[in-house]
Amino acid sequence: MSGTTYRHLFTPLRIGPVTVANRIVFSAHLTNYAENGRPSPQHAAYYAERAAGGAGLIITEEHSTHPTDWPYEKLIHGFHEDVIPGYRAITEAVHAHGTPIFAQINHNGGQASSMYTRLPVWAPSPVPDPLFREVPKAVTVAEIAEIVAGYALVAAHCRTGGFDGVELQCSHSSIVRGFLSEATNRRTDSYGGSLSNRARVLLEIVGAVREAIGPGMALGVRLCGDELIDHGTTIEEATAVAAMVEATGQVDYVNTSIGTATATLHMIEASMAVPPGYALWIASAMRKAVSLPVIGVGRFKDPLQADRALTDGHCDLVGVVRGQIADAFFAAKARAGLATTIRTCLSCNQECVGRMGLNRWLGCIENPRTGKEAVPLPAPVARPRQVLVAGAGPAGMQAAIAAAQAGHQVEVYESEPLTGGQVRLAASIPHRAEFGDLVRNQLAELARLDVPIHCGTAVTSALVAERQPDVVVLATGSDPDRPWWAGDNGHVVDVTDVVRAAVDVRGDILVVDELGFHQATSVAELLADRGCTVEVCTPGMVVGQDLGVTLDMEAWWMRAAAKKILQTTDVIVTEVAVAEDGRLRVSLQEHTTGVGSERTVDWVVLAVPAKPRDALWAELAGTGIAIHRVGDCLAPRRAHAAVIEGQRIGAAL
Amino acid sequence: MRLLEPVTLAGRTAPSRVIFGPHETNLGVPGPDGRALSAAHVAYYARRAVGGCGIVVTETASVHDSDWPYERAPLAALCGRGWADTAAAVHEQGALAIASLGHGGLQGSSAYHQRALWAPSRFPDPATREVPMVMEQLDIDTLVAGFAASAALAVQAGMDGIELEAGQASLLRQFLSGLTNTRADGYGTDRARLVREVVAAVRAVAGPGIAVGLRLSCDELAPWAGITPESSEALGKVLAGGVDYIVAVRAGPFDAGGSRPDSQVDEGFALPLAYRLRDVLPASTLVAAQGSIVDPTMAEAALGRVDLVEMTRAQIADPDLVAKLADPSRGRPRPCTRCNQTCRVRDARNPIVSCIGEPRSGHELTDPDPAGQAAPVRELLVVGAGPAGLEAARVAAARGHRVRVIEQSDTAGGAVTAAARGARRDPLALLTGWLVEECDRLGVTREHGRLATAADLDAAFDAGTQVVVATGSVAAVPPWRPTCTLPVLTARQLLEGAELPAGIVVIDDPIGGPVGISVAENLAAAGIEAHLVSQDVTVGTQLARTGDLAAASGRLARAGVTLHKRSRLLDASSGGVVIEDRYTGATTNVPAALVVDAGPALPHASLADGREVAVAGDAVAPRTIAEAVLEGRRAALAVER
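One line per chain: the protein sequences are A and B, in this order. Per numbering that gives the first Met the number 0, the first sequence starts with residue 0, numbered consecutively. Per numbering that gives the first Met the number 0, the second sequence starts with residue 0, numbered consecutively.
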């Protein structure tokens, strides 16, 4: 495959006064890299890495335009003049690669709280946001003028800071969206009512910002095509607003989005449960409504898919965010005909989206470099060592990758016939197939690094004695554990037994969720799809509680309802006994009330904490050999912990 | 008063027996030094010493970088400067400064350092479900050395003592407890061994003239394997030898916030634990009581049986607590309502510690001190005697202005009076009661039962009198309301004692805060069948901040309230209430007799329309007491501009 495979992706395009070399946009997204309201060196390094990786255009995360706007702690306060040195650092670092960079500027309006500002939240009307739930202050006409002036001020800062353009976020979390939408604009003055009234503030901002930046910079407007809420903006109004924006003659492109950040975030940053390209219809409708270049977004995972969207005429540029978080060199690899070497995004949302809402810096489950671009790469080792990695799950493979990249001689042993450990199992379940790309990507990297993998060979102390490595990295994973009440009943099985098809589970099933993530819900769906009657119970307040973090909760609930999966919370299992008919009688107790209940089922499936498989650690301890543990064999956790630990140990040998 | 008596620890004398205990503040400065004690920390602690606090204990610092339990958690290695500045500032007031040292172990977080959590045994924290790594001897040695090195740094910085954290969220408690320590080695067969080793190592570097204290969980509320009040006696005796004082706390892995609960838990709930320890320990080991001790009367009584009292939230609510007790002419200390709304900051968003009634707490470096006398003196008219209006009046009067308040109701307190009638929320009224008392003491004129009119404002304007409009809120119109054929009450009306029809009550609670929950509890307590409709996957999600989320769910379940989670009240136009599941669209019909609107309100500030007057609190936008008090205070200070 070569760069010519793509008909449009690598063709240049004029966006007003700016020409982009290709159609791949690293569009705006939160990073939580800001410090004290200012851009950090990590921002510059993060964007520069994507510029080096061939992105055609970079649009930074939002810069706030007014002191009343501070919805999350690590927001860039663009209205402070002291952001300008940070802006310069970002733009110079990106321009060093010849890549244009725009700044997104925004006021979040009512989609905020007063926690940080200690000031009333500003919005068109006193309609509380469904997430923040704080009643905002309806802005006066004088305050609207202040908002407009704030946009102009920040735009001027961006101009001084060396940006090539400015994008107005009017889409998923914005006071402009608040004005545009009937759901949040109940005003009766000239800023409310008809669509042209609701769009008035946007057009005033466009005028003020254009005046501030002059003709030499690009100006874009990002619009929401469907808020997916009651009485919210839909595509008809969105395209009408796009036409009004174009009619000003002052705007150079239109960017698109779907959903609102606080009511329907799961559709903005959709996980793998939502089909790729799911929001493209919005860009397509916009492109029919205006002649300006239009950016399409929404789970663009690979360059062929992006090129196809261009070929089909849905959009002029493609926003690839998570794809370039997972692999900063997404564009360059595609252009060089090496698309198969792209570290494909899983859309798992664990370390990117999942960390944003928790006020933590943005990372990536499979790219340990993401979020640490400002940390210098270590120099290759002077004295290569022989490294033996035991286990080819995510931890072992990442340790092997990092060690090989550092210059060591690495070989990997895996006791099972296939690599991938529990990731391979997890990816065999409905809606979770893309998770398997983690294994594929690691295997591809190991192949490029010429690291041999010996499957079907368990590492023993005898093997270590025979191979005589300088270092052993143990990544042997974990074994299922059984809670005390499970006893040795053969019909009480682990989720991994079910997924491996080690047991033939049928009939009425009780899944016990003590892990609060995909394990229980995935198996419940797998079994329901097979015709089982399934109930999931948990001692927690919610089944699969952390699915909320990765934005998988809403879709899980919908699928669970469709599959008639029952969910029971706040219960512990107190006993499993064999009933007279040979089935299992499970005693549950609601721990909030002490009320007991019973279930008669054919199987109980456990999603409970595993135990480390670390016998070799004890065996090799004290033999004088250098040995490290990574991943589940140290402490059974989730895949991101395995990858991070593998990387850290592998790079530090 | 015993509270005001000096007390000696390791030869160092504190001017009073009141402790400002260790607690999360999020006062660290974001960035590379985010884990150091900042200038804001120093100002926060110094302010309590100025107010008469005897012993200031600084925020628990992690003794080793394997512990990073929350983003702004101090790291001892970075705290030398902050400790030195705190010690200097606190010593200037004659008080003692003690450094709290700890390690969160399996109750920490892997999100920041991205390493496995340390633990005695493989026990996942119920809150995070994260499986920790089991510490080996090398890790234990590292931990002990970390405690010693951190203590040495604190002593070098001039701190008067070290407090070792074996309380609610600590690795030391995890070793002490049979719940979390199932080790087969010497640290498991003798679960107190690690703590003894830590105490010995700290004592060795500190020497005899430095106070060494232990914050000890004496009840994990998990009697099947945890520390119990009974077993705490033996534990206390084993550990007392090496320490100068022990703080008795109640909390364990199933409720890590339990040592500092909101008003749903009784005041002074842990006093029996401290008394029990006092009874069995030698007099040379002082015992401090802790646990929702906010009332000076209770504290004074407790000092009849123990040596010290920790009154942390009471001093967040009023930094001058001790000074005001010593000089009653300064008025009564501002009461703590135990609401936990802004002082409890173990929250991923890193809110800064503060107080709903004393907004300057945590903001000592940035907020003006409202104390002092104004010149020239002005006239002020305040419309509304809710928390915003009362605070405006109180501050203005304290600064010497002549203040008049007009309130349409016969009583003061505004929306707080109703909110305080929610289940076990009565302490909220202590704050408004105090505001009224202070206003009266400071000579504020209050006119009740009169609706202020435009004529009042015109007259004020003509007389050169400044005006603050704090007229609160009015009910909003939720989407189901216009077609509703059932009787409807707002939560406020219900709490104010409105007559209820017989039958089922459905509460529409789109907020998930304390109001809807407490209304449901009130109804259930009155024997009324209550249904609570929440848009969230659990009810009362906003109670996560105050620490009452899980407990509230439990209380509702025990009370028999029917919970409609992830739902919305769709329609009430045909005799009953239709509740829709937000995700599936499935509907449930409830044959209700009454709907209670526990949703957001709308501002009521028509009096201010078209005028250049200050507006404060719910009249700006209906929010909480915290915003009302803050804006009321700002309005009062703005009088002088």
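Since the hints were made in silico from the structure, they are not lab data. Ideal Cβ positions, reconstructed from N, Cα and C, are used throughout, including at glycine. Possibly wrong hints are sitting among the right ones.
Stated by the list, open to error - Have a look at the derived ranges for each label pair, beta carbon to beta carbon:
| id | chain 1 | residue 1 | chain 2 | residue 2 | range |
| --- | --- | --- | --- | --- | --- |
| 1 | A | 192 | B | 492 | 42 to 52 Å |
| 2 | B | 189 | A | 487 | 28 to 38 Å |
| 3 | A | 371 | B | 476 | 45 to 55 Å |
| 4 | B | 574 | A | 487 | 47 to 57 Å |
| 5 | A | 489 | B | 189 | 32 to 42 Å |
| 6 | A | 406 | B | 195 | 16 to 26 Å |
| 7 | B | 480 | A | 206 | 51 to 61 Å |
| 8 | A | 581 | B | 253 | 43 to 53 Å |
| 9 | A | 465 | B | 140 | 51 to 61 Å |
Said to hold, decoys possible - Derived lysine-lysine pairs resembling DSS-like cross-links, with alpha carbons at most 27 Å apart:
| id | chain 1 | residue 1 | chain 2 | residue 2 |
| --- | --- | --- | --- | --- |
| 10 | A | 332 | A | 371 |
| 11 | A | 562 | B | 564 |
| 12 | B | 564 | A | 563 |
Unchecked claim - So, partial list: chain A residues that the calculated Cβ filter (under 8 Å) puts toward chain B:
| id | residue |
| --- | --- |
| 13 | 127 |
| 14 | 132 |
| 15 | 515 |
| 16 | 556 |
| 17 | 643 |
Is the interface hint for residue 643 of chain A satisfied, with its Cβ closer than 8 Å to some Cβ of chain B? Since the shortest Cβ distance to chain B is 5 Å, the answer is holds.
Let's test the interface hint: is any C-beta of chain B closer than 8 Å to that of residue 127 of chain A? Where the cut-off is 8 Å and the nearest Cβ of chain B is about 5 Å from residue 127 of chain A, the hint holds.
Note whether the CB distance of residue 192 of chain A and residue 492 of chain B lies within 42 to 52 Å or breaks it. violated, 32 Å
Mind checking the hinted window 28 to 38 Å against the Cβ distance between residue 189 of chain B and residue 487 of chain A? holds, 33 Å
Return holds or violated for the Cβ distance of residue 465 of chain A and residue 140 of chain B against the range 51 to 61 Å. violated, 33 Å
The hint names residue 556 of chain A as touching chain B; please verify it with the least Cβ-Cβ distance against 8 Å. holds, 4 Å
Are residue 371 of chain A and residue 476 of chain B spaced within 45 to 55 Å by their CB atoms? holds, 51 Å
Given a hint of 32 to 42 Å, does the C-beta separation of residue 489 of chain A and residue 189 of chain B actually sit inside it? holds, 39 Å
Take the C-beta atom of residue 581 of chain A and the C-beta atom of residue 253 of chain B, compute their distance, and say whether it sits inside 43 to 53 Å. Since the Cβ atoms of residue 581 of chain A and residue 253 of chain B sit about 36 Å apart, the hinted range of 43 to 53 Å is violated.
Would the hint on residue 515 of chain A stand, with a C-beta cut-off of 8 Å toward chain B? holds, 5 Å
Is it true that the C-beta distance of residue 574 of chain B to residue 487 of chain A lies inside 47 to 57 Å, as the hint says? holds, 56 Å
Can the suggested window of 16 to 26 Å be confirmed for the beta-carbon pair residue 406 of chain A and residue 195 of chain B? About 47 Å separates the Cβ atoms of residue 406 of chain A and residue 195 of chain B, which means 16 to 26 Å is violated.
In summary, the numbered hints that this structure violates are 1, 6, 7, 8 and 9.
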